[in-house]
Amino acid sequence: MNAVSTGPIAGEDRQPEKKWRRRSLVALAILLPLTLAETSNDSLREWLHGEDLIARDVDFGQAVPFGGSDWKLADLRGGKAGRLPDHAFAVIATFSVKIGDPDLQKQWLGCKLMLTDAAGRRWLPDAISGVSLPAGVMSCTSAIFSSARKGDTITIGDTFIVPEDAVKTIRPAVGLGSERPWFLRFQRPPK
Amino acid sequence: MRIRILGNLVILASTVALSYGMQVSKPHYADLTAPIPVDGAMRDTVRARSFDVRLDKVVFARALKTNQFGQERSLTTSGLWAVVSTNLTATAASTTVAEGTWQGPTGLRYHQTERLGYRQDMPPHGVDPGLEKRGLFVFEIPPDQIRGASLLIAARQFAPLDAQARISLDGVPTSADGQPADVLPEFDLDAPQAHTPQGKS
Numbered sequence: 001m002n003a004v005s006t007g008p009i010a011g012e013d014r015q016p017e018k019k020w021r022r023r024s025l026v027a028l029a030i031l032l033p034l035t036l037a038e039t040s041n042d043s044l045r046e047w048l049h050g051e052d053l054i055a056r057d058v059d060f061g062q063a064v065p066f067g068g069s070d071w072k073l074a075d076l077r078g079g080k081a082g083r084l085p086d087h088a089f090a091v092i093a094t095f096s097v098k099i100g101d102p103d104l105q106k107q108w109l110g111c112k113l114m115l116t117d118a119a120g121r122r123w124l125p126d127a128i129s130g131v132s133l134p135a136g137v138m139s140c141t142s143a144i145f146s147s148a149r150k151g152d153t154i155t156i157g158d159t160f161i162v163p164e165d166a167v168k169t170i171r172p173a174v175g176l177g178s179e180r181p182w183f184l185r186f187q188r189p190p191k
Numbered sequence: 001m002r003i004r005i006l007g008n009l010v011i012l013a014s015t016v017a018l019s020y021g022m023q024v025s026k027p028h029y030a031d032l033t034a035p036i037p038v039d040g041a042m043r044d045t046v047r048a049r050s051f052d053v054r055l056d057k058v059v060f061a062r063a064l065k066t067n068q069f070g071q072e073r074s075l076t077t078s079g080l081w082a083v084v085s086t087n088l089t090a091t092a093a094s095t096t097v098a099e100g101t102w103q104g105p106t107g108l109r110y111h112q113t114e115r116l117g118y119r120q121d122m123p124p125h126g127v128d129p130g131l132e133k134r135g136l137f138v139f140e141i142p143p144d145q146i147r148g149a150s151l152l153i154a155a156r157q158f159a160p161l162d163a164q165a166r167i168s169l170d171g172v173p174t175s176a177d178g179q180p181a182d183v184l185p186e187f188d189l190d191a192p193q194a195h196t197p198q199g200k201s
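Chains F and U are the protein sequences, given in the same order. All residue numbers for the first sequence refer to this note's numbering, where the first residue is 1 and numbers rise by one. All residue numbers for the second sequence refer to this note's numbering, where the first residue is 1 and numbers rise by one.
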């Protein structure tokens, strides 16, 4: 294209043109990666805020501030209960949460309770027919709309179905929209 | 000077020709970012990116019996019903498998039926790592689309560059005219044999 536009130019003007051509080439090498970074910036940020990528390990009994509130693993129990597939266990994980910032609809958007095992596999909550949450335990989503106030301590939990081979190394984890890509991964309660 | 102009014109013309050639011959953007097929045969475990799938059985029927809101309904078709039972597992994290397509021998694609409404054993199938789950995909297809067909299973309908299991249905017995060897007059989706509990195959 620029070969056409450089048609009739006198010999003495060619030196600065050459220089500018070289400058443009160099600018291209800088501007292209910059443009790429700028256009992918939004997608990258959106992706980072949607994925639980980096684990923050929490000891058992320790409360950690996360999404404006203090999270502590209350209980983790598993067993054969309700209608389950073969070689599977029901697991209930509960967390005790002291509310700091009561704007849960903003802080806890996309709240996700998970179980992870030693191999890095992840399980999301599952409904198990015949197994319900203990009294006073809310799911994460219903907690968001529970109008809990600052200073309240609420119990959040869910039921999971986990295969037999994972039960021994299972660890509960929590991801919140306001904290991603970081998520909390709790140590199991001592036997 | 004249040679220079002529040269530029030649460059311009060849650029236009090359661009046009690339436009007509190169794949469309939608094809470049299309799902990536993972091939397999019936009764093999096919490993897609986020899930594993094994095709266990294909049953053909002229009508489907189903229970909807406590009412028994019989769904008829001018073609055939194909009820495909699969065994699904998630690979790394709990996920859903929602998309089934019947691809006929000439490339015609039949999307899974939406006439059945919500059922537990119909897509979207929620699957977990390490736990096998039986999942049905039901299609309404013309009888001439069976021999040489394949089943496409993906996590979502529009998933650029994600894996898509492509299972060849060569194992389906067909008679000489290409019709399936065994067609039931009616298949009951709620019959006990179609209701093996979660985890058994």
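Please keep in mind that the hints were generated in silico from the structure rather than gathered at the bench. Please note that the accuracy of each hint is not assured.
What the hints assert, rightly or not - Pulled a few chain F residues facing chain U out of the computed Cβ check, cut under 8 Å: (1) Glu51; (2) Lys80; (3) Gly82; (4) Ala88; (5) Phe89; (6) Ala118; (7) Arg122; (8) Leu124; (9) Asp126; (10) Gly130; (11) Ile161; (12) Ala166.
To be verified - Residues from chain F that keep clear of chain U, each with C-beta distances beyond 10 Å, as calculated: (13) Pro33; (14) Asp75; (15) Arg121.
For glycine and all other residues, C-beta sits at the position ideal for the given N, C-alpha and C.
Right, here's what the structure says about each hint:
1. Glu51: Violated - the Cβ of F:Glu51 stays beyond 8 Å from chain U, reaching only about 11 Å at its closest.
2. Lys80: 13 Å, violated
3. Gly82: Result: violated, 11 Å to nearest chain U Cβ.
4. Ala88: Nearest chain U Cβ about 6 Å off; hint holds.
5. Phe89: 10 Å, violated
6. Ala118: Violated, about 12 Å.
7. Arg122: Check passed: Cβ of F:Arg122 comes within 4 Å of chain U, closer than 8 Å.
8. Leu124: 4 Å, holds
9. Asp126: Holds: closest Cβ of chain U sits about 7 Å from F:Asp126, inside 8 Å.
10. Gly130: For F:Gly130, the interface hint is violated, since the closest Cβ of chain U sits about 13 Å away, which is over 8 Å.
11. Ile161: 6 Å, holds
12. Ala166: 6 Å, holds
13. Pro33: 22 Å, holds
14. Asp75: Holds: least Cβ distance 21 Å, greater than 10 Å.
15. Arg121: 4 Å, violated
In this structure, the earlier hints numbered 1, 2, 3, 5, 6, 10 and 15 are contradicted, and the remaining ones agree with it.
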